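Keeping their order, the protein sequence lines are chains Y and D. full-length UniProt numbering numbers the first residue of the first sequence as 1 and each following residue consecutively. full-length UniProt numbering numbers the first residue of the second sequence as 1 and each following residue consecutively.
Keep in mind the hints are simulated off the structure, nothing from the lab. This one's a predicted model, so the numbers in the text were calculated from it and none came from an experiment. Backbone N, C-alpha and C fix where the C-beta goes; we use that ideal spot for every residue, glycine too. Some hints here could point you the wrong way.
Claimed, not checked - Derived CB-CB ranges, DEER-like:
#1 Y/Ala237 x D/Ser252: 36 to 42 Å
#2 Y/Ala304 x D/His299: 53 to 59 Å
#3 Y/Gly145 x D/Arg207: 58 to 64 Å
#4 Y/Gly145 x D/Gln270: 47 to 53 Å
#5 Y/Asp210 x D/Asp276: 57 to 63 Å
#6 D/Trp147 x Y/Glu216: 56 to 62 Å
#7 D/Gln270 x Y/Ala215: 29 to 35 Å
#8 Y/Arg374 x D/Arg367: 57 to 63 Å
#9 D/Ser31 x Y/Arg207: 42 to 48 Å
#10 D/Ser350 x Y/Lys343: 56 to 62 Å
#11 Y/His69 x D/His299: 45 to 51 Å
#12 D/Ser252 x Y/Arg308: 36 to 42 Å
What the hints assert, rightly or not - To spell it out: a stretch of chain D is covered by chain Y in this simulated footprint if at least three of its residues, at any positions, have a beta carbon under 8 Å from a beta carbon of chain Y; those stretches are:
#13 184 to 191
#14 210 to 216
#15 246 to 256
#16 260 to 267
#17 273 to 279
Number of protein chains: 2
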Amino acid sequence: MLAVSPPDDQRFGLARHIVLPGPLALDGGASLSQIEVGYETYGTLDADASNAILICHALTGDQHVASNHPRTGKPGWWARMVGPGKPIDPARNFIVCANVLGSCMGSSGPASADPVTGTPYAMRFPVITIRDMVRAQALLLDHLGIWSLAAVVGGSMGGMQVIEWAATYPARVRSAVVIASTARHSAQNIAFHEVGRQAIMADPNWRGGDYYGQAEGPSAGLAVARMAAHITYLSEAGLTEKFGRRLQKRESVGFGFDADFQVESYLRHQGLSFTDRFDANSYLYITRAMDYYDVAEEHGGRLADAFRGTATRFCIVSFDTDWLYPTSDSRAIVHALTAAGAKASFVELSAPFGHDSFLLDVPELSRVIDGFLRAGL
Amino acid sequence: MLAVSPPDDQRFGLARHIVLPGPLALDGGASLSQIEVGYETYGTLDADASNAILICHALTGDQHVASNHPRTGKPGWWARMVGPGKPIDPARNFIVCANVLGSCMGSSGPASADPVTGTPYAMRFPVITIRDMVRAQALLLDHLGIWSLAAVVGGSMGGMQVIEWAATYPARVRSAVVIASTARHSAQNIAFHEVGRQAIMADPNWRGGDYYGQAEGPSAGLAVARMAAHITYLSEAGLTEKFGRRLQKRESVGFGFDADFQVESYLRHQGLSFTDRFDANSYLYITRAMDYYDVAEEHGGRLADAFRGTATRFCIVSFDTDWLYPTSDSRAIVHALTAAGAKASFVELSAPFGHDSFLLDVPELSRVIDGFLRAGL
Chain Y
1 MLAVSPPDDQ
11 RFGLARHIVL
21 PGPLALDGGA
31 SLSQIEVGYE
41 TYGTLDADAS
51 NAILICHALT
61 GDQHVASNHP
71 RTGKPGWWAR
81 MVGPGKPIDP
91 ARNFIVCANV
101 LGSCMGSSGP
111 ASADPVTGTP
121 YAMRFPVITI
131 RDMVRAQALL
141 LDHLGIWSLA
151 AVVGGSMGGM
161 QVIEWAATYP
171 ARVRSAVVIA
181 STARHSAQNI
191 AFHEVGRQAI
201 MADPNWRGGD
211 YYGQAEGPSA
221 GLAVARMAAH
231 ITYLSEAGLT
241 EKFGRRLQKR
251 ESVGFGFDAD
261 FQVESYLRHQ
271 GLSFTDRFDA
281 NSYLYITRAM
291 DYYDVAEEHG
301 GRLADAFRGT
311 ATRFCIVSFD
321 TDWLYPTSDS
331 RAIVHALTAA
341 GAKASFVELS
351 APFGHDSFLL
361 DVPELSRVID
371 GFLRAGL
Chain D
1 MLAVSPPDDQ
11 RFGLARHIVL
21 PGPLALDGGA
31 SLSQIEVGYE
41 TYGTLDADAS
51 NAILICHALT
61 GDQHVASNHP
71 RTGKPGWWAR
81 MVGPGKPIDP
91 ARNFIVCANV
101 LGSCMGSSGP
111 ASADPVTGTP
121 YAMRFPVITI
131 RDMVRAQALL
141 LDHLGIWSLA
151 AVVGGSMGGM
161 QVIEWAATYP
171 ARVRSAVVIA
181 STARHSAQNI
191 AFHEVGRQAI
201 MADPNWRGGD
211 YYGQAEGPSA
221 GLAVARMAAH
231 ITYLSEAGLT
241 EKFGRRLQKR
251 ESVGFGFDAD
261 FQVESYLRHQ
271 GLSFTDRFDA
281 NSYLYITRAM
291 DYYDVAEEHG
301 GRLADAFRGT
311 ATRFCIVSFD
321 TDWLYPTSDS
331 RAIVHALTAA
341 GAKASFVELS
351 APFGHDSFLL
361 DVPELSRVID
371 GFLRAGL
């Protein structure tokens, strides 16, 4: 076990990196001989290692939950939820967030060096699943000496990991918070991801994935992928309220192909800035993992069978304007939990921001999570 | 006036092409010195030229309403609506459908030769609007000796043209049928189009639009644009029913990046086959025209002012699963028509196919159009 950062240092927002020994057997049949994990911790693990909360991040998220992003300098993606006096409080809990397997912020992924060849895996990295991500997190927690989690919490793809945690390691999860998520990727979800993948793979600079060390990567394709996905993160009403048909610079339309409308300029910026912080091959692998995600299919076709006999308490939260993983997806999870006899709370919150509501200023979300976590103490 | 096809031949599904003299003054300030129009007619114009119905096609549609497409060999896009015994019947009406200005099926567009230089306009073609498309159609009807239209009918972007017809030439339109359409493009509509344009323009084979005569055009970018747009034409429930998570070829997922799911294979096919029949620059120009479309803005900010004093009868049809131009968009049109004192019928139909419902097997749509058109005879 090769500890790169000292595991006993538990200051607020400590960025860490570790190489864990494998092999990690993957759902696809391959295995990884070792696993790198980039992660951050907040707070202090108590004497009986019982106060840990694992936070699971979304598709393009990372371990920098409440500390500034090392590349962009921006505040952590969930700083409103994690911190002193926040619902997930390092004064009370030892908080862990790990970069998911397949990503590009310190955990093993296509940009990592294949230990056999010493060169980047690129598309030779094995295809992974959400459950594989969870297995890698479990290895990290083993290393940290954490067997039982006070809670696993996540939104969007983070919520998928929470569900896989509860289904794969039920005895290790005391509470599970699943926000704006689903138990299976729908045809429409897959379709949007496929557009993004095709945009990346159509970029000649993608070079079959072997663009590492080249002057140019597939940033144009990655930007288009991000733009398409970004639309699905926002509500139609939210876009209308934020941008409507307001013009970018002019009194009237310019009759050309520059970004005339504010929404165009915004989307272009979202696409471009994404390419500064994310690896295109990681985007391929993680979207693929999400598309393969179908918890019922992993359990013989019945979602309830994923949760039989569980003692985990669940809190499922959806947003009324989320059309990516709509409330009906959350309801399906709650139905299955109920059918399995699990303890499940379900809240649909009203928020104007669409799927991205879980990241934005929705005070009710903070209150729900705070109350649910406190009740489990 | 240079009539390329004999204007007196009115056989069923006759494909025609004409070059009309300009100048045609465009909303953007430019003008076209002459206008090519590819069009088709069905049926016979009666002695007082009063039985003509103009059909307006959608973004990637064409004049081949009910005859086989000359490139793909596929049946016309609205063969279920137009033909003997159909709601729009050549036994009763003289039916005209013209390829829109900016398109690539015989009407002037970026692939056309600039008469000044003799080489393709490419991105030197002037930016056009939906109203410009309608002005070009009006010139064609002038040439055909048709002043008053029994009806103008169209779905999606075709419906936008119908609204512009009624607003720009109210005295020439006796009945107007607007299906699955809107009076303004929303921020989300613009956002999806911008993704498509960026996908095309990111393709190195686009070459700033000057790809005509090159070995390769921006077909990869155009395919991605089509894939993204295609998702918006279908309902989430329709995609689930048609494809769900069914696999393409295997018993189980392949853990790779081939098209594992049927919906991926379908989307890829939609993207690729589109590039055989459509010009990428036309896609840029027509999506731009749609984004600029805002009928209220053209009339001082009040949609009702576009229709004051009109004698046109209107039929507005929406579909309950259309999330591209949802029923609320149609309702806004009906509100404005009512406020303007116009005769307006409004029907929301239930159909599972999303926006594409106007092209698909929805018997109720045929009954509504048939009944509305007959009542206006």
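Hints, verified against the model:
1. Y/Ala237 x D/Ser252: 36 to 42 Å: Holds: the Cβ-Cβ distance is about 40 Å, inside 36 to 42 Å.
2. Y/Ala304 x D/His299: 53 to 59 Å: holds (57 Å)
3. Y/Gly145 x D/Arg207: 58 to 64 Å: Given range 58 to 64 Å: holds, Cβ gap about 59 Å.
4. Y/Gly145 x D/Gln270: 47 to 53 Å: holds (52 Å)
5. Y/Asp210 x D/Asp276: 57 to 63 Å: For D/Asp276 against Y/Asp210, whose Cβ atoms are near 30 Å apart, the range 57 to 63 Å is violated.
6. D/Trp147 x Y/Glu216: 56 to 62 Å: holds (58 Å)
7. D/Gln270 x Y/Ala215: 29 to 35 Å: Check passed, 34 Å falls within 29 to 35 Å.
8. Y/Arg374 x D/Arg367: 57 to 63 Å: Given about 59 Å between the Cβ atoms, the range holds.
9. D/Ser31 x Y/Arg207: 42 to 48 Å: Holds - the Cβ-Cβ distance for D/Ser31 and Y/Arg207, about 46 Å, lies within 42 to 48 Å.
10. D/Ser350 x Y/Lys343: 56 to 62 Å: Since the Cβ atoms of D/Ser350 and Y/Lys343 sit about 39 Å apart, the hinted range of 56 to 62 Å is violated.
11. Y/His69 x D/His299: 45 to 51 Å: holds (47 Å)
12. D/Ser252 x Y/Arg308: 36 to 42 Å: violated (23 Å)
13. 184 to 191: holds (count 7)
14. 210 to 216: violated (count 0)
15. 246 to 256: holds (count 3)
16. 260 to 267: Result for this restraint: holds, n = 5.
17. 273 to 279: violated (count 0)
Taken one by one, the earlier hints fail for this structure at numbers 5, 10, 12, 14 and 17, listed in ascending order.
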